[in-house]
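Chains as they are written, first to last, in our numbering: chain A, 1 to 323; chain B, 1001 to 1323; chain C, 2001 to 2323; chain D, 3001 to 3323.
The set of hints was computed from the structure by calculation and includes no laboratory data. Some clues are possibly wrong.
[To be verified] Selected chain B positions facing chain C (in silico; Cβ < 7 Å):
1. E1076
2. A1078
3. N1147
4. L1243
Built from N, CA and C at the ideal position, the CB exists for glycine as well.
4 protein chains.
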Amino acid sequence: MLASPYEPVQPIHGQMTPERIAYLGPAGTFTEQALLTQTDLAGLEHVSLPTIQEVLEATDAGAVDVGFAAIENSIEGAVNATLDALAFELDLLIQREVIHPVEMCLLARNDTAIEQIERVVSFPHAAAQCHHYLAKTFGQVEIVAANSTADAARELSENGNGATAVIGTELAATTYGLQLLARHIEDHPENHTRFVAVAREGIPAPTGHDKTSIVTFQRADRPGSLVNILQEFSARSINLTHLQSRPTKRELGDYCFFIELEGHVADERVADCLKNVQAKQALVRFLGSYPAAGEQAETTRGEANEAWGDAERWIDEIRARIR
Amino acid sequence: MLASPYEPVQPIHGQMTPERIAYLGPAGTFTEQALLTQTDLAGLEHVSLPTIQEVLEATDAGAVDVGFAAIENSIEGAVNATLDALAFELDLLIQREVIHPVEMCLLARNDTAIEQIERVVSFPHAAAQCHHYLAKTFGQVEIVAANSTADAARELSENGNGATAVIGTELAATTYGLQLLARHIEDHPENHTRFVAVAREGIPAPTGHDKTSIVTFQRADRPGSLVNILQEFSARSINLTHLQSRPTKRELGDYCFFIELEGHVADERVADCLKNVQAKQALVRFLGSYPAAGEQAETTRGEANEAWGDAERWIDEIRARIR
Amino acid sequence: MLASPYEPVQPIHGQMTPERIAYLGPAGTFTEQALLTQTDLAGLEHVSLPTIQEVLEATDAGAVDVGFAAIENSIEGAVNATLDALAFELDLLIQREVIHPVEMCLLARNDTAIEQIERVVSFPHAAAQCHHYLAKTFGQVEIVAANSTADAARELSENGNGATAVIGTELAATTYGLQLLARHIEDHPENHTRFVAVAREGIPAPTGHDKTSIVTFQRADRPGSLVNILQEFSARSINLTHLQSRPTKRELGDYCFFIELEGHVADERVADCLKNVQAKQALVRFLGSYPAAGEQAETTRGEANEAWGDAERWIDEIRARIR
Amino acid sequence: MLASPYEPVQPIHGQMTPERIAYLGPAGTFTEQALLTQTDLAGLEHVSLPTIQEVLEATDAGAVDVGFAAIENSIEGAVNATLDALAFELDLLIQREVIHPVEMCLLARNDTAIEQIERVVSFPHAAAQCHHYLAKTFGQVEIVAANSTADAARELSENGNGATAVIGTELAATTYGLQLLARHIEDHPENHTRFVAVAREGIPAPTGHDKTSIVTFQRADRPGSLVNILQEFSARSINLTHLQSRPTKRELGDYCFFIELEGHVADERVADCLKNVQAKQALVRFLGSYPAAGEQAETTRGEANEAWGDAERWIDEIRARIR
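Kindly generate the complete structure, drawing on both the sequences and the hints.
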């Protein structure tokens, strides 16, 4: 494994322009593919690192300006390496989320016909997610593990032979000069991964369509249960988009909660809510407020709906009567 | 009973100065006594009316600028005539609350010695609240009912004899030329009555030590239970000072809730709470925001305490990082 | 006022048959009228006492087996004398509730024609509740106070003249040999009063249509707010039929809550709820479980409805799989 | 990949003795190691299958009587393959949980000295979890992926050379005739995995120290939020040991919740709670009630503590007064 002998550069807060971005390598991963969908990030200098832990540590240390890492996969669930590093170890702020579909492709050398294939190499989870395609296409086939889908592609490109295919990204085909034998071979075409871009400083200004991520820890002196925490959100009509209990690793039975909510800490309602949770219920660690991926969702608290509009007018009329 | 042939006058909202105030008469009642503690109200033209209903209707009709009526007694509980008129019938706003101790006095003609007394006249509730004093002082004595304590005093002054005493206010002694045979003869010296001054328009500006009164009605299409309503207050750390379920008189089982809370509708937190209750839980009728009687209480949500101060600083530091 | 020199008798718990019942006198009150609707209670020896306090104290002391007192009027609200005695002072259990309509009648001597009447005597609240009838029938008429409607009737019978009418019960006409000049003269014909029969011992067995009354007091060491208490009921789908905050008289700001709920302490669900409130939230004072008045209401937790029936079957099927 | 041509055998419900158990193979996995800690399960015929999905499907199809699979790892988090199969696809009941520490060992052929090692083969997650040991021991070393730790060991045993080590279980050393070069080489010695044994039928009888697993789905017609669901548990003092939101895969924004709680569906309190959640809040899928692993924890609702004991006695005394 590599040590990370980066020279620190200026982090991106203030007016500074970020210059370098780290991601889980090697080239051709799903992570790089997702990163390339972001035109501003695509133009930075890319630093490929072998583990998520190193990507985030390099960002925390200032060796890069931005780190880019998966945080949740719709099949595999939370990426705990990312969550734990953000929650327990480093002091980084989420800048953006990117949701990217997981399209698996079958790649081979340019001289390979599909009938010749005797073994398929890939990251074990990726191979498992193409179970149906492999069974249908090959019946029995040898499945060989690699450290990542991109590793498999690179290895095939460098040392492979015509009896081997790999499962990987379309990007890896381009990167390593392989041909695309088949696309969309995954069992679950709806599978997608959520990535986050993190930095040492700066909370993006609110866009009107934002998310906020926090972790809450029970306070020893204030047993405040989850239901009390959730009531703070519920009473303010703040929608949660993700909730997960997780042991804090301090000791058995010591839990924290990862919570993602709609809204931005710049919103009075969100700020007041977090303040109340912090003061009354639990320690809160703030992981960031950032633009939500995807199209503009339903407005959070139904500002558009009739009952809410009526209530707004009602309270405004009352307050107009204050002398 | 009197009809109320008042000429309407200008209500007090805007810069208008109120000129007339109605109260439950006759002169010498506890209500008048409480009213006289308020120097600005004491200087208005006083209109004595025979029932609370008429006091409030005269205010609603514009015949007087301010109505003054009891709303709660610490022994007898809520004064439903006042609550119901404010909640169901009229459109008035509470301007002020006045909390006044209920001091019962024994009054008699100037030529009466206490040994001569054979009967005590008063409003039945007042006599009941002096049970111990009467038993100790007189053993057996005839208790005679009057329509009010002030009525009893006036009648004694006009037509009474030396064998009669009345239970009433110190003010009634002055008003009707009677002597004070004894003060503080009530069984419960801590007994007090809360009065409200109401007007057709205007919400007093916040003082930092205010109360807000509302009534909530279940919506047919949104069964929102009390617990949901209370969570709105609880989540925002808004203290309730009074809560009472009450049938709406529409039909059996149809309930509303009288709620009094600390804070002013000018406070964002209170306004947001009322707006949410109105939009999500129940119809809300606003009865007023007004200065709370009594000394400055503990600050509502513990703004002064350490946890809250820490939480304020914490959220401020986070928001300072927004680009 | 009378002292109460009763010889204690055996209270009604166990197999003992109650023999004596106390009520708010004199004969002819609404309380006696309601009592007479209960055939078993009507057959006991009746003891008329001058105040609610004495009725309840006589029961507590064992001077009578049953006490009968108003606890709530749909116009006047809670009868705090009864509530406070049950909650703070005595150790009595509610045995039954009786809901009785408040029908006001105009009574006069047999030789009186309605045109002759110059004054109307009654308890002040009763006169106030016949405001519309009196105004329409008499225009201006002198209203004279009495200590109770029954006192007014008795006094008219003994000493009255042909220019006087009283407002009282139909029972008072019979009791005191008066004629019924008019019935249903009350402004609010839907007005009714709820009475309770109390005893020193015994909780009536559940009937399937019961109520339970409690008072909850905040514990100094466990600030448990009302919302937490109500969640205990809400989570168990226990309906509340009455809720009222009330100062405890110990000091300002010290509140308790009168709560009435559907169900019987013999129900596991109610017992578990009360146990949890007692253990976690607040001191609970148990005032009784007793048959609810009125026709069988909607079943409490929607046992009849489809979702609940489905859930019952679902859990039964699961539990049938336990080895 | 293997098809699974099992002959169905009789499932274990009723008095039937289970005969066959499936687990994630090949021999020598952590799963087999955990399974062998259970003496009754260790004695069954073991069926090793290549994926968790196949283990659970074989159980559902009756090809084996018991399936054994990881459900949660303290570092990697929930094993979504297991959770999703139980929640969405199959109809299996959890019979038992087994918590097993994740001890990583460095294995090599018997003729290998540690200085000779040039490459380390393992499942990628296992290698990642030994990052510190590998860096300290080898500095730079080639990391090669395998489909599982046991696959790596088997391959080394069959085809490996003296320059290769594998990371795997102590069991794999025995199974494949390798030597144990080092034990406890994992970065996080507190890491453990929770496994479940599942079957088609039967809920183990309560032991007094049980857990219950459910999944809740929002009902389209009853938006019941998580906070309402949690209040059902909170009000009954039912502790949750795990909570996780998860997309249902039906569509974006459609969430379910995995919930584990202390207690058994045979407990009235748990049954009543689940019934209420099912009737009022959300569709509930029952995944099982089973003995909790580990020593007897703190009693769930503080039955031992003083307040609860007092409350128990208090309610018992009240109920003793029922006639």
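Status of each hint after checking the structure:
no.	hint	in the structure
1	E1076	6 Å, holds
2	A1078	6 Å, holds
3	N1147	4 Å, holds
4	L1243	4 Å, holds
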